[in-house]
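Participant: Sequence:
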Amino acid sequence: MTTRALLVTSSILGENSQSNALANHFKAKTEERDVMVTHRDVVANALPHLAIEELGAWQTPAEERSTEQQALAAHSDELLAELRANDVLVLAVPLYNLGIPSQLKAWFDRVLRAGETFRYTENGPQGLIEGKRAIILAARGGQYAGTELDSQTPHLKTMLGLMGISDVDVVFAEGLNMGDAQRDAALKEAFQAIDQLVETL
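Just so we're aligned: the sequence shown equals residues 3 to 203 in my numbering.
Derived from the structure by calculation, the hints contain no laboratory data.
We put the beta carbon where it would ideally sit given N, CA and C, even for glycine.
A couple of the hints might just be wrong.
To be verified - FRET-style restraints, in silico, Cβ to Cβ: (1) L52 with G129: 16 to 26 Å; (2) V172 with E70: 17 to 27 Å; (3) Q61 with G148: 50 to 60 Å; (4) S68 with G144: 30 to 40 Å; (5) G148 with E66: 46 to 56 Å; (6) D197 with G163: 23 to 33 Å; (7) D169 with L82: 18 to 28 Å; (8) P63 with Q145: 46 to 56 Å; (9) A30 with A73: 28 to 38 Å; (10) E70 with R35: 36 to 46 Å; (11) R121 with T149: 28 to 38 Å; (12) M180 with T69: 18 to 28 Å; (13) E70 with V45: 17 to 27 Å.
Said to hold, decoys possible - Straight-line alpha carbon distances no greater than 27 Å define the calculated DSSO-like cross-link-like pairs of lysine-lysine that follow: (14) K159 with K29; (15) K159 with K134; (16) K107 with K159; (17) K29 with K107; (18) K31 with K134; (19) K107 with K134; (20) K190 with K29; (21) K29 with K134; (22) K190 with K159; (23) K31 with K190; (24) K159 with K31.
All chains should be modelled from the sequences, with the hints used to inform the complete structure.
Facilitator: Put into C-alpha cells, the structure is as follows:
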C-alpha cells in the first residue's frame, strides 16, 4: 500500500537552506520506497497573516458566504484537504529567532481550525485528525535541543497534538554554523536518521 506524505518546507534561503537539504534528502530517499510525496513550500506559496475577514469566512456557513468569503475560506479548505489526504506530515523547519518561520505559522493558522481539526469539550480541546504521524526535520545554526532555548520543538509538538497528531519523530541537525566539521557531522547524522525513518513508512 502506498504511503502518502505531505512535506512542508518553510525556509527563506532556497538552495542555501539546510532545512531544505533535509527535505530534499527525505524526498530522494522516498523514491526508493512506495511513498508518494506532496510538497508544499509555504515560502514560494506564501499565505498572508491571518486576519479577521478570513476568520469570519470560516465562521459563516458555506452556503451563506459572499464571493469574497468563499475565496478567503478556500485557502484553509485547500490546506485541510491536503493534510487529510496524507498519512504522514513532514515539516522541514529552520530556527528563526528561537521560533518557527512566520510563513509556517501562517500555515498552522489555516489548519488549526476549531470544528475541523480539533473541537472544544468540557475536558478541553480534542484533536480530530486521527491515525497520522509527523516527522519534524529541524535545522539549527547553534545547538539548542534539550535546552530551555529550544521553545520551537515543544511549540510544534503542541500544535500537532492539538490536531490529534501525537506520533511525532524529530530529526535534529544542529551546530550547522559552528564550523565545517560540525556541520558535516550533523548533516550526516541527520541524513542517517531520515533514512531510518523512511524505512518505517
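Participant: Evaluate each hint against the coordinates.
Facilitator: Hints and how they fare:
1. L52 with G129: 16 to 26 Å: Check passed, 20 Å falls within 16 to 26 Å.
2. V172 with E70: 17 to 27 Å: Since the Cβ atoms of V172 and E70 sit about 40 Å apart, the hinted range of 17 to 27 Å is violated.
3. Q61 with G148: 50 to 60 Å: Violated - the Cβ-Cβ distance for Q61 and G148, about 40 Å, lies outside 50 to 60 Å.
4. S68 with G144: 30 to 40 Å: violated (48 Å)
5. G148 with E66: 46 to 56 Å: holds (49 Å)
6. D197 with G163: 23 to 33 Å: holds (26 Å)
7. D169 with L82: 18 to 28 Å: Check passed, 20 Å falls within 18 to 28 Å.
8. P63 with Q145: 46 to 56 Å: This hint holds: roughly 50 Å between Cβ atoms.
9. A30 with A73: 28 to 38 Å: Holds, since A30 and A73 (Cβ atoms, about 36 Å apart) stay within the stated range.
10. E70 with R35: 36 to 46 Å: At 43 Å between Cβs, range holds.
11. R121 with T149: 28 to 38 Å: For T149 against R121, whose Cβ atoms are near 34 Å apart, the range 28 to 38 Å holds.
12. M180 with T69: 18 to 28 Å: violated (52 Å)
13. E70 with V45: 17 to 27 Å: holds (26 Å)
14. K159 with K29: holds (22 Å)
15. K159 with K134: holds (13 Å)
16. K107 with K159: Distance of about 13 Å is within 27 Å: holds.
17. K29 with K107: At roughly 23 Å apart (the allowed maximum being 27 Å), K107 and K29 satisfy the hint.
18. K31 with K134: Within the cut-off at roughly 20 Å; holds.
19. K107 with K134: holds (20 Å)
20. K190 with K29: Cα-Cα ~16 Å, so holds.
21. K29 with K134: holds (19 Å)
22. K190 with K159: Roughly 24 Å separates the two Cα atoms, so the pair holds.
23. K31 with K190: holds (14 Å)
24. K159 with K31: Distance of about 24 Å is within 27 Å: holds.
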